[in-house]
Each structure stands twice: as structure tokens, then as C-alpha cells.
Amino acid sequence: MSALLWGLLASSSLIIGALIVMARPLPQRVVALIMAFGAGVLISAVAYDLVQDAFEQSNGRVLLAGLAAGAVTFYVGDLLIDRLGGADRKRSTGAQAGGAGAAIAFGTVLDGIPESVVLGTTLAGGGGISVAMLAAVFVSNLPEAMSASVGLLKSGTSRRSVLLLWVGTTVVAGVASWAGWYFVGSAGGGTVALVQAFAAGALLTMLTDTMVPEAYEFGGPSTGLVTVLGFSVAFGLSTLA
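Each residue of the sequence shown is one higher than the one before, starting from 41 at the first, in this note's numbering.
Read the hints as simulated data drawn from the structure, not as lab findings.
Just so it is clear, the structure is predicted and the values come from calculations on it, not from any experiment.
Misleading hints may appear alongside valid ones.
Per label pair, the in silico range of CB-to-CB distance [as the list claims (entries may be wrong)]: (1) P253 to V211: 24 to 34 Å; (2) V171 to E257: 26 to 36 Å; (3) F223 to A105: 16 to 26 Å; (4) L269 to P65: 22 to 32 Å; (5) L120 to P253: 11 to 21 Å; (6) P67 to E96: 41 to 51 Å; (7) A105 to R64: 41 to 51 Å; (8) V207 to E96: 16 to 26 Å; (9) Q68 to S272: 18 to 28 Å; (10) V116 to G264: 24 to 34 Å; (11) G229 to T279: 38 to 48 Å.
By construction, the Cβ of each residue, glycine as well, lies at the ideal position given by its N, Cα and C atoms.
Let the hints inform the model, and build the full structure from the sequences given.
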């Protein structure tokens, strides 16, 4: 049950992000820089909480296999969703107007599952939650929801529909976190390492396909500095945990 609750907590920032832009729309550049910070946080979590841990639990072959599988799986899934009309699901420009609602919803869920599953695996064996990973998921979800919500609202999607999308995604993320704890956490170290590497590959692909380009397009040259700041803050959290 704790894995489910932690997953819901980490993903609750999706709902918070949507509520923020509904209450007070933020300038596009501000949202982009928040996204850059979130990208830096997530990169740090991938490097030090997923890749490093996966390597220490197994070996280089398992790590590389997981990274490749995660990257290819996300790429193929993302490509299919793009063709179904969900290509601009995270854009803040209103480009979602031409997209299919179901594809946008499925794409949003696809983006959040890997990190949620890994969050659940950190509770395996009676261990405590990874503070760095929890912070990474929470912080990175916030600007994603803000940017996508701005775009959805501009495209004519009702506030109710936008909120339902994020509530549904949050629930799915919570279930994915529980599944990571229940099905993967009790497995051997090699299996956990493979799942961690798989999630790392999927997350890195998602970052370079969606978050980073959107952040730079509207954030400008400052994007790099803010990304490094996010990386540094997350690294600091991982060393204190």
C-alpha cells in the first residue's frame, strides 16, 4: 500500500501543475525554464539512482540491454502515439487541437509509467523510499503538466477534461508504482537492475524527445544553466539521502 501512496504523491504534481496554470497562467518562458530544471533533476536521478544502481547490482551487459530495450520501447510507443494524433501532447502552444484525445491520454500515461515503476522498486526488501527519485518524479512532472495543460486549454479542451486527464494519469502512476514494488521488487537483483536500466533508457529518450526541446525552444540559452541547476540540486539530495 505504501508503494501506491508514494506513487500517487510523486505524480500528484501533475494535478498541481494543471491547477497552477488554471488559476494563474504563467509566461511560456517561465514554464519552459521550470521544465529545464525538471529535466536536470530527472537526468541526475537517471544517472545516480538508476544507471549506477543497476550496474552495481548486475553487470555491463544487463545495463546496456536494459538501456537499449527501454529506449527502443519508448521510441516505438511514442511513434505509434504520434501517428494516432498525440504528437503534441506536451506542447504549450495549443497544437493539441488537431490531435486525438485518446492518443494524447495514452501518450501522457506512457511518459509516466517507467519512473513510477522504478519508484516502487526502491521500496523492495523493506527499504525506504528513494528521496532523490521521489523528488525527481515530483519536480519533473510539474512543468510537464503545466506545459501540456496550457496547450490543451488553448486548443479548446475544457478544464474538467484537463483535470480528469491528470487525475487519471496520477492514478495509473500510483498503480504502476505498486506494481513495481509487488512484481519487480521481490525478484532477484538482476531483474531489478534490468528494470532500472529499462526505465533509464525510456526516460532518457523521453527527455530528449519532449522535455529538452520544448524547454530550449521557449526558454532560450538560459535553459542550459537551469538544467545544470536542477541536476546539481538532485545530486545534492541523492548524497544527503
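C-beta pair P67, E96: status relative to the range 41 to 51 Å that was hinted:
Cβ of P67 to Cβ of E96: about 42 Å, so the range 41 to 51 Å holds.
Does the beta carbon distance between V171 and E257 stay inside 26 to 36 Å, or does it fall outside?
holds (31 Å)
P65 and L269 - C-beta distance against the hinted 22 to 32 Å
holds (24 Å)
Okay, Q68 versus S272 on CB: inside 18 to 28 Å?
holds (25 Å)
I want to verify a distance hint. Is the separation of the beta carbons of G229 and T279 within 38 to 48 Å?
Violated - the Cβ-Cβ distance for G229 and T279, about 23 Å, lies outside 38 to 48 Å.
Holds or violated: 16 to 26 Å for the Cβ distance of V207 and E96?
Violated - the Cβ-Cβ distance for V207 and E96, about 37 Å, lies outside 16 to 26 Å.
Can you tell me whether the CB distance of F223 to A105 sits inside 16 to 26 Å?
holds (19 Å)
Satisfaction of the hinted span 24 to 34 Å by the C-beta atoms belonging to P253 and V211
Because 28 Å falls inside the window, the suggested range holds.
Does the hinted range 11 to 21 Å hold for L120 and P253 at CB?
holds (20 Å)
The hint says 24 to 34 Å between V116 and G264; measuring C-beta to C-beta, is that right?
Check passed, 30 Å falls within 24 to 34 Å.
Range agreement (Cβ of R64 with Cβ of A105, hint 41 to 51 Å)
Since A105 and R64 have Cβ atoms about 46 Å apart, the given range 41 to 51 Å holds.
Comparing the model with each earlier hint shows violations of hints 8, 11; every other hint is respected.
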